[in-house]
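Engineer: Position in the sequence shown counted from 1, then plus 8, gives you this note's numbering.
Source of the hints: derived by calculation from the structure; they are not laboratory data. Bear in mind that the values here come from a model prediction, so they are computed numbers and not experimental data. It is possible that part of the hints are untrue.
[To be verified] Label-pair restraints from in silico Cβ distances: (1) 35 - 60: 52 to 58 angstroms; (2) 54 - 90: 26 to 32 angstroms; (3) 63 - 38: 56 to 62 angstroms; (4) 48 - 18: 26 to 32 angstroms; (5) 43 - 67: 34 to 40 angstroms; (6) 26 - 75: 48 to 54 angstroms; (7) 26 - 84: 47 to 53 angstroms; (8) 18 - 65: 31 to 37 angstroms; (9) 68 - 19: 49 to 55 angstroms; (10) 78 - 24: 29 to 35 angstroms; (11) 19 - 56: 38 to 44 angstroms; (12) 13 - 83: 53 to 59 angstroms; (13) 91 - 54: 32 to 38 angstroms.
Beta carbons are placed, not taken as given, at the ideal position from N, Cα and C, and that holds for glycine.
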Amino acid sequence: MSTIERMTITLTPEIAHTVRAAVRSGEYASSSEVVREALRDWRYKRAFQEQELQDLRTKIRQGLNDVSEGDVYDFDSERIIRKGEQQSSYSGLLLRS
């Protein structure tokens, strides 16, 4: 069974009002419950951001490896635009007006 540690926090008046309103509406049983849910959401968001950062680092490493192995080609913006226009025309969307 987990233990509960008591903490005192300071909130802006606007946030405190929002917390009290959530409890008054019956959506939450207590202000502690509101804060716990907010912190769970915050932890989830941070974990998601960390995963995105790790994915980006992996892609950067792969790109650098591709460059060192000579697995590269010249950048041609017009070719990329044409390819995007072709793909968008397949789905009925116009890329440019």
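Engineer: Note whether the CB distance of residue 68 and residue 19 lies within 49 to 55 angstroms or breaks it.
Structural biologist: Given about 39 angstroms between the Cβ atoms, the range is violated.
Engineer: For the hint 32 to 38 angstroms, verify it against the beta carbon of residue 91 and that of residue 54.
Structural biologist: holds, 36 angstroms
Engineer: Please check whether residue 78 and residue 24 have a Cβ separation lying inside 29 to 35 angstroms.
Structural biologist: Violated, at about 60 angstroms.
Engineer: Do residue 26 and residue 75 keep their Cβ atoms within the hinted range of 48 to 54 angstroms?
Structural biologist: Holds - the Cβ-Cβ distance for residue 26 and residue 75, about 50 angstroms, lies within 48 to 54 angstroms.
Engineer: For residue 48 and residue 18, compare the CB-CB distance with the range 26 to 32 angstroms and indicate the outcome.
Structural biologist: violated, 20 angstroms
Engineer: For residue 13 and residue 83, compare the CB-CB distance with the range 53 to 59 angstroms and indicate the outcome.
Structural biologist: This hint holds: roughly 55 angstroms between Cβ atoms.
Engineer: In this structure, is the beta-carbon distance linking residue 35 and residue 60 contained in 52 to 58 angstroms?
Structural biologist: With a Cβ separation near 30 angstroms, residue 35 and residue 60 fall outside 52 to 58 angstroms, so the hint is violated.
Engineer: In this structure, is the beta-carbon distance linking residue 43 and residue 67 contained in 34 to 40 angstroms?
Structural biologist: Distance hint for residue 43, residue 67 holds at roughly 36 angstroms.
Engineer: Starting from the hint 56 to 62 angstroms, judge whether the C-beta atoms of residue 63 and residue 38 obey it.
Structural biologist: violated, 38 angstroms
Engineer: Return holds or violated for the Cβ distance of residue 26 and residue 84 against the range 47 to 53 angstroms.
Structural biologist: holds, 52 angstroms
Engineer: Indicate whether the distance between the beta carbons of residue 54 and residue 90 respects the range 26 to 32 angstroms.
Structural biologist: violated, 40 angstroms
Engineer: Between the beta carbons of residue 18 and residue 65, is the distance compatible with 31 to 37 angstroms?
Structural biologist: holds, 36 angstroms
Of the numbered hints stated above, those contradicted by the structure are hints 1, 2, 3, 4, 9, 10 and 11, listed in ascending order.
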